[in-house]
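**Student:** The hints should help you fit chain S onto chain H, whose structure is shown.
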Amino acid sequence: MQPLLQIQRIRKTFPGVIALDEVSFDVAPGEIHTLLGENGAGKSTLMNVLTGLYRPDSGGMMFAGQPVNFSSPRGSLACGIGMVHQHFMLVPAHTVFENILMALTDLPRLFNLDRLKERIRKVLEEFGLEIDLDEPVWKLSIGAQQWIELIKLLMRDCRLLILDEPTAVLTPQEAERLFLFLQQLKSQGKSIIFISHKMREVMEISDRVTILKKGRAVTTLQRGDFDENLLASLMIGDDRIPVWDKVSAATDNLVLEIKGLAVRNDRGLADLDNFNLDLRQGEILGIAGIAGNGQKALAEVLTGLRDASAGRISACGVDITNSSARSSYIAGIAHIPEDRKSIGIAPDMTVDDNLIMKSFKRPAFRRWMFQDRKAIVANAREKIDRFAIKAGPVGTPIRLLSGGNIQKVIIARELSEKPAVLVALYPTRGLDIGSAEYVHKVMVDGCRNGMSSLLISEDLDELLKLSDRIAVMFRGRLIGYVDPANTSREEIGLMMAGEARK
Amino acid sequence: MIFAIEKRGAPSKTFAFTATVLSVLVALAVAGLLLLAAGVNPLAAYRDIVVESLGSLYGLSETLVKTTPLLFTGLAVSLAFRMQIWNIGAEGQLYMGACGASYIALFSGIENHLLMITTMFLAAALFGGCWGGVAGFLRARLRVNEVIVTLLMNYIAILWVDYLIYGPWRDPKGFNFPLTAQFSEAARLSEYFDTRLHSGFFLGLLLALLLYVFMERTIWGYEIKVIGSNPAAARYAGMKTGAAIFLVMFLSGAIAGIAGFSEVAGLQNRLQHGISPGYGYTAIIIAWLAKRSAIGVVIVSFLMGVLLVGGDSLQLIWQLPVAFVYAFQGLILFFLLGSDFFVRYRVRFRRKAA
Numbered sequence: 001m002q003p004l005l006q007i008q009r010i011r012k013t014f015p016g017v018i019a020l021d022e023v024s025f026d027v028a029p030g031e032i033h034t035l036l037g038e039n040g041a042g043k044s045t046l047m048n049v050l051t052g053l054y055r056p057d058s059g060g061m062m063f064a065g066q067p068v069n070f071s072s073p074r075g076s077l078a079c080g081i082g083m084v085h086q087h088f089m090l091v092p093a094h095t096v097f098e099n100i101l102m103a104l105t106d107l108p109r110l111f112n113l114d115r116l117k118e119r120i121r122k123v124l125e126e127f128g129l130e131i132d133l134d135e136p137v138w139k140l141s142i143g144a145q146q147w148i149e150l151i152k153l154l155m156r157d158c159r160l161l162i163l164d165e166p167t168a169v170l171t172p173q174e175a176e177r178l179f180l181f182l183q184q185l186k187s188q189g190k191s192i193i194f195i196s197h198k199m200r201e202v203m204e205i206s207d208r209v210t211i212l213k214k215g216r217a218v219t220t221l222q223r224g225d226f227d228e229n230l231l232a233s234l235m236i237g238d239d240r241i242p243v244w245d246k247v248s249a250a251t252d253n254l255v256l257e258i259k260g261l262a263v264r265n266d267r268g269l270a271d272l273d274n275f276n277l278d279l280r281q282g283e284i285l286g287i288a289g290i291a292g293n294g295q296k297a298l299a300e301v302l303t304g305l306r307d308a309s310a311g312r313i314s315a316c317g318v319d320i321t322n323s324s325a326r327s328s329y330i331a332g333i334a335h336i337p338e339d340r341k342s343i344g345i346a347p348d349m350t351v352d353d354n355l356i357m358k359s360f361k362r363p364a365f366r367r368w369m370f371q372d373r374k375a376i377v378a379n380a381r382e383k384i385d386r387f388a389i390k391a392g393p394v395g396t397p398i399r400l401l402s403g404g405n406i407q408k409v410i411i412a413r414e415l416s417e418k419p420a421v422l423v424a425l426y427p428t429r430g431l432d433i434g435s436a437e438y439v440h441k442v443m444v445d446g447c448r449n450g451m452s453s454l455l456i457s458e459d460l461d462e463l464l465k466l467s468d469r470i471a472v473m474f475r476g477r478l479i480g481y482v483d484p485a486n487t488s489r490e491e492i493g494l495m496m497a498g499e500a501r502k
Numbered sequence: 001m002i003f004a005i006e007k008r009g010a011p012s013k014t015f016a017f018t019a020t021v022l023s024v025l026v027a028l029a030v031a032g033l034l035l036l037a038a039g040v041n042p043l044a045a046y047r048d049i050v051v052e053s054l055g056s057l058y059g060l061s062e063t064l065v066k067t068t069p070l071l072f073t074g075l076a077v078s079l080a081f082r083m084q085i086w087n088i089g090a091e092g093q094l095y096m097g098a099c100g101a102s103y104i105a106l107f108s109g110i111e112n113h114l115l116m117i118t119t120m121f122l123a124a125a126l127f128g129g130c131w132g133g134v135a136g137f138l139r140a141r142l143r144v145n146e147v148i149v150t151l152l153m154n155y156i157a158i159l160w161v162d163y164l165i166y167g168p169w170r171d172p173k174g175f176n177f178p179l180t181a182q183f184s185e186a187a188r189l190s191e192y193f194d195t196r197l198h199s200g201f202f203l204g205l206l207l208a209l210l211l212y213v214f215m216e217r218t219i220w221g222y223e224i225k226v227i228g229s230n231p232a233a234a235r236y237a238g239m240k241t242g243a244a245i246f247l248v249m250f251l252s253g254a255i256a257g258i259a260g261f262s263e264v265a266g267l268q269n270r271l272q273h274g275i276s277p278g279y280g281y282t283a284i285i286i287a288w289l290a291k292r293s294a295i296g297v298v299i300v301s302f303l304m305g306v307l308l309v310g311g312d313s314l315q316l317i318w319q320l321p322v323a324f325v326y327a328f329q330g331l332i333l334f335f336l337l338g339s340d341f342f343v344r345y346r347v348r349f350r351r352k353a354a
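Listed in order, the protein sequences are those of chains H and S.
Residue 85 in my numbering sits at position 85 of the first sequence, and the numbers go up by one each step.
Residue 135 in my numbering sits at position 135 of the second sequence, and the numbers go up by one each step.
Next comes chain H alone, as it looks inside the complex (with noise of 0.2 Å):
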């Protein structure tokens, strides 16, 4: 059968950089095809440069037979291509409704906004969404984000659909609900180009799985002729990862006790609601819970970006709540933000300063008033060789890197001030195997050094690994703690849809 994508030869270059190297791929009608690779091979290259917003170097793209070159994301969504990114494309201060309107190219002039409605509510009902058409995009969670671009693909009639780490913000359960859903369209004959880092779900879902490293196309293997090994090992190549046992470190002192915190956000509906919680020196406590069920207003109330509206958070037996010794006590907690490109760096500057966002003000980066350039220097060269961080050419301005790179520079950053606290959101969400073994590693040490972790994340796999206790969240309150070593994740799955333990 003729391929309805055929991607030839495809180059691209940035300013000291090769980022695809004459990569070619098909993707079949009716057919889930994966790019597999680690940050920085290109994928996100690559589908910017299929869906026009990048201009190749050199190659050619072929879609539905014929040759096409767009200049914009426009021209190939009028062929019919569409992409989930993992940066979602919205307008945060719009309405749902209104985001959704944007990408219909069919409206009359004139149109009728009830009739509109009730078209979207058809689809979101189809789905069994509850999304409130009226709410403005910024209240919602990022899980929330996601089905919003992805209704606007299914609004307008797409034949290949990009997901890029669709999953990455998706609890086990909403990703099983996408995944039965992309089964639907494709035996409606879409195509799907599906990236991923997940082993579990690209053995579950593709058809096919072509490989990138380092900007070139590896292989393309046909279901059935890959596993999750030959997948790992042919995506990291000859890179070891690193095999460590956990050792819990954990002791008896309590470093935080939250007794009925109640945070309120300016809907004026509570975030967190008479939440209990209780970390001691040491450990390492997981956070599972559905995104939205409170997660980031904890991590922002405990990292002093939000206040508390009722509640106590004591530390070491002081009390911190809203008292002036809670600044000096956050200065001691690290915090690994959930949405890194809008509040964990200053994306026009270098990497050099992003690392010392948080110290600059220490004596080891400045001499009286004056910055140590050279310090700031040596202190991100050796940042960026331990942390492996592809950082291009000195100077680069920090918003040019990969998202997975830019991870990787927040975590130097935090981990390096060895802080009392570390409050970690989804901590390797978009991080390729390798450097996400890494983030764990860190953190494990950092725990036997005296560290206590919060670790809030969705994936199971990642929680069960590390955790010493993990609590499980819903709606804003603590449904209870597991021990991972004796539960199952159908446990903590019931849990995080709000049943109680027994």
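A few of these clues could be false.
[Unchecked claim] For lysine-lysine, the following DSS-like pairs were computed, each having C-alpha atoms within a straight-line distance of at most 25 Å:
{"id": "1", "chain 1": "S", "residue 1": "Lys13", "chain 2": "H", "residue 2": "Lys358"}
{"id": "2", "chain 1": "H", "residue 1": "Lys361", "chain 2": "S", "residue 2": "Lys240"}
{"id": "3", "chain 1": "H", "residue 1": "Lys390", "chain 2": "H", "residue 2": "Lys441"}
Just so you know, these hints were derived from the structure itself, not from any lab.
Bear in mind that the values here come from a model prediction, so they are computed numbers and not experimental data.
**Tutor:** Just chain S now, kept in the frame of chain H:
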């Protein structure tokens, strides 16, 4: 035929430089057509601009005199730009600074030159700083848009100075002209080479150097850059963004206020109507063209000084109307800003896709 505008990845320095030079040449060519239409040989006119503004001690000194206030206000605006704060109010801050300096000069009775000048300087910085600080405070505390506040406060400042010179501060021996009495010798900046060039210019250069060091080398400059690049990240890193916004607006206003001090103490030796023909507004263009760099501000202010003095000489020598001078300056700026766009973006023309 359709065209698309694309962002360039990372424009090279040579490319940016060539584009700038080219745009000035194109501007000169277009202005040359205007000159031809007015019956003037463009090459002769351009030679006169250069000769008049740079070719003699007098011309050069006049150019530097015009450069001085542009330097201060340009630095003021570019400092705020670094934090993505748009200070449109350098003009008003200049007037308030002039008002503060004049108050000391007229009413303090200090006789020591150094003490007098220092006090005037500080008063100007304080007046200008408070004027800018209001916008900073409103922005930091109540999220009031600083563009509106600084712009509207210009009119208040200009009219306030007018009130003073038409009213309480008017020189009783001044034949009813709207100006204050002349400052005493102690309140005048020294002049050089028998020209109007005064030490305000050197103060401006020093300030440019200080600001450069401040922005590029100090921890405060770093903080300002982080806040400018991403305020949310700055808050997340524990920076006090509100205080920083207020302080930067205060400092920006203070620097613009010093422009007022330099004008009244160095040049006019009294407070009078229209002490600035819009230096504070030209400063916005200067800060933009200088790409927010302190050293860039020095260069661009000087070029603006050449344009101002050269424009005057066109009026004198060729009897061209003042409107022509404005048109000429406008063309140069238009093409410079245009080249800036082409350095950042490229335009591709192509046949409409079949």
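**Student:** Work down the list of hints and note, for each, if the structure agrees.
**Tutor:** Here is what the structure says about each hint:
| no. | hint | in the structure |
| --- | --- | --- |
| 1 | S:Lys13 to H:Lys358 | violated (31 Å) |
| 2 | H:Lys361 to S:Lys240 | holds (13 Å) |
| 3 | H:Lys390 to H:Lys441 | holds (20 Å) |
Taken one by one, the earlier hints fail for this structure only at number 1.
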